[in-house]
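Novice: Chains as they are written, first to last, in the numbering used here: chain A, 1 to 329; chain B, 1 to 269.
Hints are not guaranteed to be accurate.
[Unchecked claim] Just so you have them, the derived chain A footprint on chain B, three or more residues with Cβ under 8 Å:
hint, stretch
1, 128-140
2, 237-251
[Stated by the list, open to error] In silico negatives: residues of chain A with every beta carbon more than 10 Å from chain B:
hint, residue
3, E81
4, T101
5, A115
6, R130
7, A178
8, W233
9, R237
10, W241
11, K261
12, S289
Don't read these hints as lab results, they were simulated from the structure. For every residue, glycine included, the Cβ atom is placed at its ideal position computed from N, Cα and C.
These are the residues of each chain, in order.
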Amino acid sequence: MAERAGGVAAPERPLVSTAAPEPVSGPAGGWRSPRGRERLLQLGFLVPAVLYLVVFFGYPVVQNLLMGFQEYTTRTFYTGEAPWVGLDNYAAVISSNVFGTALLNTALFTAGSIAGQFVLGLAIAVFFHRRFPLGGLLRSLLLLPWLIPLIVSGAVWRWILDQDNGALNQFLGALGVADRPGWLTSTSLALIAVIAVNIWIGIPFNTTILYGGLQDVPEELYEAAALDGATGWRAFRHVTWPLLRPVVAVVLVLGVVYTIKVLDIILGLTDGGPANATQTVATQAYHLSFQEFRFGEGAAMGNVLIVISLVFALLYLRANRRALVGGGR
Amino acid sequence: MTRRRGWGSTLVGVLILAVLLFPLYWMLNVSLQPSGSAVRTPWIPLDLSFDGYATALREQGGNLVTSLVVSLGTVVVSLLIATPAAYALARFRVRGAGVVLFAILLSQMIPGIVVANALYDVYSDLGLLNSVPGLILADASHGIPFAIIIMRAFLLAIPSEVIEAARVDGAGQIRTFVAIVLPMSRNALVTAGLFTFLFAWSDFLFALTLTTTEQVRPVTLGIFTYIGTYINDWSSVMATAVLASVPAVVLLVVAQRFVTAGVASGALK
């Protein structure tokens, strides 16, 4: 694809004048004037993307907002009728037993995943920051878990964590542990297992970004700190960490925004079960719409998710701006 | 840092990697075991068998082709829409450019399930459910914002003299873009294209919500329906998983520098 795009025209081909040289135009404005035409052409570059964004992001958000106030079920698809029901959907969603669980699970899932990914990702990034033979190769192989489809990871872990024949229990058995926990089937363990898998998925991303941030810390600062007697942990605490903070902010907030809406990995591992033990706001929105075909309630649940994301979106934009200004990347 | 470490660190690095990549090894291991009852799996596939792959290709081969077609289509659509936009956002002083950039950043926060929830109805009316074009258009929503962001960052770095020189020589806006800018942006196009492919290939949500029959079924959904039922043949499930991981492995081996660049720029721009 890119080959084709790159080969569209050889750069050395002489540039024949296609457009007449701009005459001295009168006052700007009007699409007939060369200046106006130029401006129209410039807009033309942007219009397809704007249209796409409107249809595939703008419309769904507005439509979802409306659907949240409508009785939108399978019947709607046949009759085209979706009566307005005010706040009924929200009342139904919020008063259901699952809502509290889903909210708590979302918070635990997000906080646990981010904390684990970040701490382990940072530790590995710091480790790889020291140059050693084959370091670059190992670091790039580390990306693999992040690049394969999430549903593949879900399937693999589902089998590793299987109660009777999974690799984990097999390993624990070899170590002499008699107990065979049902990692994904016990209500007390399932959420922990799902978080652990999600941490595994997120480590490569965190490592890569934080590694990039570490590379940007000037070597001279470490030398100066060493002269002042700060090495090892103290150098990290007083030199690395303050300079890394803009990158840290971006990684954390981006991590939260992506983790809140995770669906693939939970559906693949547990489908929200057992007994809603791993049900989150996102998976519950999916279940309401696409399993129970109560699209109105699904939309209401989705809107709750948007509000949560929006809070972090604002944080993200602030952090991003600071990183762009401060980090200079 | 210039503090060099020796092979001791390499050993530790290999150990870290071994732990982190164990699940992928396990996937390969199980996929090469003889199929049959799910008794405890040996740690090494001594009794090598490709039955799992035979079953996987027989049952999921069509789904793999669907995934490939959808992913390639998504790359074409995404780059066609994103490249001119990235150029406009990097080069032109268009009114509202700031708003568009802001909208692109904001679009990253919109949960896929919300998009799917609203699209389902429209798709049903337009007959786009269970169709390759429907999936391509939906999957492009992963690729287009990302492609615009990384290509814009790249295009900002092209010296304006180059573009002005072409303009002075009389090249029109479109000609400058096609003959000068695109050839110079090969690396950015490759990076954006690779990631768009991976996003579309990995898509599960739209496959799950916007298809209802087996007619058009990407392999991610194929795997999900596999593990949704009672499984007594994990070797073919894992063989499918291995086949579905091939693009990621190929990309990492063939285009490692593009991939690392993409991860870094995608997060920080």
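Novice: Could you run down the list of hints and mark each one as holding or not?
Specialist: To see whether the hints hold, each was checked on the structure:
1. 128-140: Satisfied; 3 residues make the cut.
2. 237-251: Holds, because 8 residues of the stretch 237-251 of chain B bring their Cβ atoms closer than 8 Å to Cβ atoms of chain A.
3. E81: Correct as stated: the minimum Cβ-Cβ distance to chain B is 13 Å, above 10 Å.
4. T101: 18 Å, holds
5. A115: 18 Å, holds
6. R130: Incorrect as stated: the minimum Cβ-Cβ distance to chain B is 5 Å, not above 10 Å.
7. A178: About 16 Å separates A178 (chain A) from the closest Cβ of chain B, which puts it past 10 Å; holds.
8. W233: Holds: least Cβ distance 15 Å, greater than 10 Å.
9. R237: 16 Å, holds
10. W241: 15 Å, holds
11. K261: K261 (chain A) is in fact no farther than 10 Å from some Cβ atom of chain B, at 4 Å.
12. S289: Not fine: 5 Å to the nearest Cβ puts S289 (chain A) too close to chain B.
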